[in-house]
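Residue numbers (the working numbering), protein chains in the order written: chain D, 28 to 371; chain X, 28 to 371.
You may find that some hints are simply not true.
Because identical chains cannot be distinguished in the list, a pair is counted as satisfied if it fits within a single copy or across any two copies.
[What the hints assert, rightly or not] Computed cross-link-like contacts, DMTMM-like style, restricted to lysine to aspartate or glutamate with a CA-CA straight-line distance of at most 20 Å:
| hint | residue 1 | residue 2 |
| --- | --- | --- |
| 1 | 84 | 193 |
| 2 | 368 | 273 |
| 3 | 158 | 303 |
| 4 | 343 | 321 |
| 5 | 256 | 351 |
| 6 | 368 | 330 |
| 7 | 263 | 237 |
| 8 | 343 | 330 |
| 9 | 355 | 303 |
| 10 | 343 | 319 |
| 11 | 368 | 83 |
| 12 | 317 | 281 |
| 13 | 343 | 325 |
| 14 | 84 | 281 |
| 15 | 158 | 193 |
| 16 | 256 | 287 |
| 17 | 98 | 296 |
It should be emphasised that the hints constitute simulated quantities derived from the structure, not laboratory data.
In this text the structure is predicted, and so the values were computed from the model without any measurement.
There are 2 protein chains.
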Amino acid sequence: MQSNSNNSKKAIERIRIGRQDRDNVAAIFEGLRNGRRDALGKAITWVESNNINHFEKTEELLAMCLPHSGKSWRIGITGVPGVGKSTFIETFGMALIAAGKKVAVLAIDPSSQRSKGSILGDKTRMDELSKNEMAFVRPSPASDTLGGVTRATRESILLCEAAGFDVILVETVGVGQSETAVNGMVDFFLLLLLAGAGDELQGIKRGIMEMADAVLITKADGENVIAAKKASTQIKSALHLFPAAENGWTPTVEICSAIENIGIASFIDVLRSYFESITHTGWIWDNRTKQDIDWLHEAIRNEILQQFRSNPANLKSIAAIEEDVKNKVITPFAAASKVVKKDP
Amino acid sequence: MQSNSNNSKKAIERIRIGRQDRDNVAAIFEGLRNGRRDALGKAITWVESNNINHFEKTEELLAMCLPHSGKSWRIGITGVPGVGKSTFIETFGMALIAAGKKVAVLAIDPSSQRSKGSILGDKTRMDELSKNEMAFVRPSPASDTLGGVTRATRESILLCEAAGFDVILVETVGVGQSETAVNGMVDFFLLLLLAGAGDELQGIKRGIMEMADAVLITKADGENVIAAKKASTQIKSALHLFPAAENGWTPTVEICSAIENIGIASFIDVLRSYFESITHTGWIWDNRTKQDIDWLHEAIRNEILQQFRSNPANLKSIAAIEEDVKNKVITPFAAASKVVKKDP
Numbered sequence: 028m029q030s031n032s033n034n035s036k037k038a039i040e041r042i043r044i045g046r047q048d049r050d051n052v053a054a055i056f057e058g059l060r061n062g063r064r065d066a067l068g069k070a071i072t073w074v075e076s077n078n079i080n081h082f083e084k085t086e087e088l089l090a091m092c093l094p095h096s097g098k099s100w101r102i103g104i105t106g107v108p109g110v111g112k113s114t115f116i117e118t119f120g121m122a123l124i125a126a127g128k129k130v131a132v133l134a135i136d137p138s139s140q141r142s143k144g145s146i147l148g149d150k151t152r153m154d155e156l157s158k159n160e161m162a163f164v165r166p167s168p169a170s171d172t173l174g175g176v177t178r179a180t181r182e183s184i185l186l187c188e189a190a191g192f193d194v195i196l197v198e199t200v201g202v203g204q205s206e207t208a209v210n211g212m213v214d215f216f217l218l219l220l221l222a223g224a225g226d227e228l229q230g231i232k233r234g235i236m237e238m239a240d241a242v243l244i245t246k247a248d249g250e251n252v253i254a255a256k257k258a259s260t261q262i263k264s265a266l267h268l269f270p271a272a273e274n275g276w277t278p279t280v281e282i283c284s285a286i287e288n289i290g291i292a293s294f295i296d297v298l299r300s301y302f303e304s305i306t307h308t309g310w311i312w313d314n315r316t317k318q319d320i321d322w323l324h325e326a327i328r329n330e331i332l333q334q335f336r337s338n339p340a341n342l343k344s345i346a347a348i349e350e351d352v353k354n355k356v357i358t359p360f361a362a363a364s365k366v367v368k369k370d371p
Numbered sequence: 028m029q030s031n032s033n034n035s036k037k038a039i040e041r042i043r044i045g046r047q048d049r050d051n052v053a054a055i056f057e058g059l060r061n062g063r064r065d066a067l068g069k070a071i072t073w074v075e076s077n078n079i080n081h082f083e084k085t086e087e088l089l090a091m092c093l094p095h096s097g098k099s100w101r102i103g104i105t106g107v108p109g110v111g112k113s114t115f116i117e118t119f120g121m122a123l124i125a126a127g128k129k130v131a132v133l134a135i136d137p138s139s140q141r142s143k144g145s146i147l148g149d150k151t152r153m154d155e156l157s158k159n160e161m162a163f164v165r166p167s168p169a170s171d172t173l174g175g176v177t178r179a180t181r182e183s184i185l186l187c188e189a190a191g192f193d194v195i196l197v198e199t200v201g202v203g204q205s206e207t208a209v210n211g212m213v214d215f216f217l218l219l220l221l222a223g224a225g226d227e228l229q230g231i232k233r234g235i236m237e238m239a240d241a242v243l244i245t246k247a248d249g250e251n252v253i254a255a256k257k258a259s260t261q262i263k264s265a266l267h268l269f270p271a272a273e274n275g276w277t278p279t280v281e282i283c284s285a286i287e288n289i290g291i292a293s294f295i296d297v298l299r300s301y302f303e304s305i306t307h308t309g310w311i312w313d314n315r316t317k318q319d320i321d322w323l324h325e326a327i328r329n330e331i332l333q334q335f336r337s338n339p340a341n342l343k344s345i346a347a348i349e350e351d352v353k354n355k356v357i358t359p360f361a362a363a364s365k366v367v368k369k370d371p
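Just chain D, with the same shape it has in the complex (with noise of 0.2 Å):
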């Protein structure tokens, strides 16, 4: 049974999305209902679009897979450069893949924009994870803002589910604005932590702390196993400090390694219990429509800000303001006042 269906899927996968169909947007949505990974592709690709021709078409689609979408779980992932993020993605991913699921990985990185790198743009990361079937992984879209990066992951987290992922694993880098916009597209939120000697937080921006769900201390292998038992305890025993999270989870903490598959079968487990406490209460479905609202009024506060600023003109006169309000000739509420009355 197993072996067939696998067969059958196969199958349908080798046949190309054909060049007509391309822009279909019934052959898309048909596609990514049978877990097509290249019409999830193309999907994502829409949603990533600058292109004015492409917008009505992604409203379209989007419209189409919300019914389908809401089941899986979203866990936005964060740690520096060096905490070992793709080694650990690519262990717990074919893990819950081994577990029965679909996993797809997605990545915020706005700074890879500026840097002209990518967080998930080096192809040999996460090099099984990504030719396994049950796996779908995608690089941080390219885009020159935080806001359009983090519309493309989310409204990617909408197809994801569509095409019948389990899982979805947004990944950040845990020194910028990131963890923030992906806190708001979760539903829960794990750090990743390397042990060493009181560094633990080192590059970690204040405030990730507090986001967290899990943290989970990473590279405990080898030499590293004591330090990161202790770093363990020591996080441990600060989280209690911090009040609860309105949904009542006590974050957790503790090691893990990912070359030596230790710790990963029990986060598995904590998830699962997870996901079945904030299931059981209906908390995650408060909490995803409250993230759904809250989405739109900034986008609504996005776009009336985007069309202001469009104007040549009002752009002209919020940076000679600035200069103003730096050299203290008027009030930052006046200054405000002032630019948008001027607006005809």
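With the hints as your guide, set chain X onto chain D.
Chain X in isolation, oriented as in the chain D frame:
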């Protein structure tokens, strides 16, 4: 000398601002610069006023005050009800006055608008401080919005500085969003906590801990001393796990008793060395400019949004689209485009 100067100050204060000068910017400004509390009170009333007739006068007055502002220590203080905030501020304020400082106390409490109570509305609070002519105590402004309250408080800081106050204490309740707003208008953020069986942070919102430049465990007297010291040690080690603040400052954690005047003088020493350090590095000025620019952009967004919402048709379509988003008919981003594009 000191007594003469005090006498002449009292004499100036006795001459009430004439009715005819009440709405006179120059008179208010002169009163302010002479450190007259009645002029300061009047100026803050203007700032708090939603009356359109006051706008121009207020902006003129603020523009006159700006060059004389910026010389104070701006300190945010938060803690849940019951932590002993008023008692602390009373003792702390009197100690600052004894150290030669003029002290203004402002408050942000958006919840007081909802509950019709006010954290500083109770006239019996800070009795000694309120009566002292080196102090100025102002209740939380009445406004319907957090935005309105924060704007009023922020501009009141400038007025207090122009009136010669050396330390501005901005009090908030520690349970809502107002902490982030206060953090954006002060140089130093103090968190007051109560010791007690691991419940130290009960009621304090996540994220506030990481804003703190100092934590004081209050009511460390009598039988509480041991518990307070224990809590202090725990929190100190927890905070050491946190990433360092941008300005390099490591948050201090100490115990205090407002009633027995323990830990107050040493906290003033902490403040003194903090402000010496950030003045020396110049961080204080960079940070204030950054705060101003952040407020400017925030205020521009708010003004534009307000203009948009002033059209009843827009308000109506926002409400309708919220339902669509809740019912998962449309994504938040597509919804936002739809609402904003409609606007002529």
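Index of numbered hints that the structure contradicts, given in increasing order: As far as the earlier hints go, 1, 2, 3, 5, 9, 12 and 14 are violated by this structure, in ascending order.
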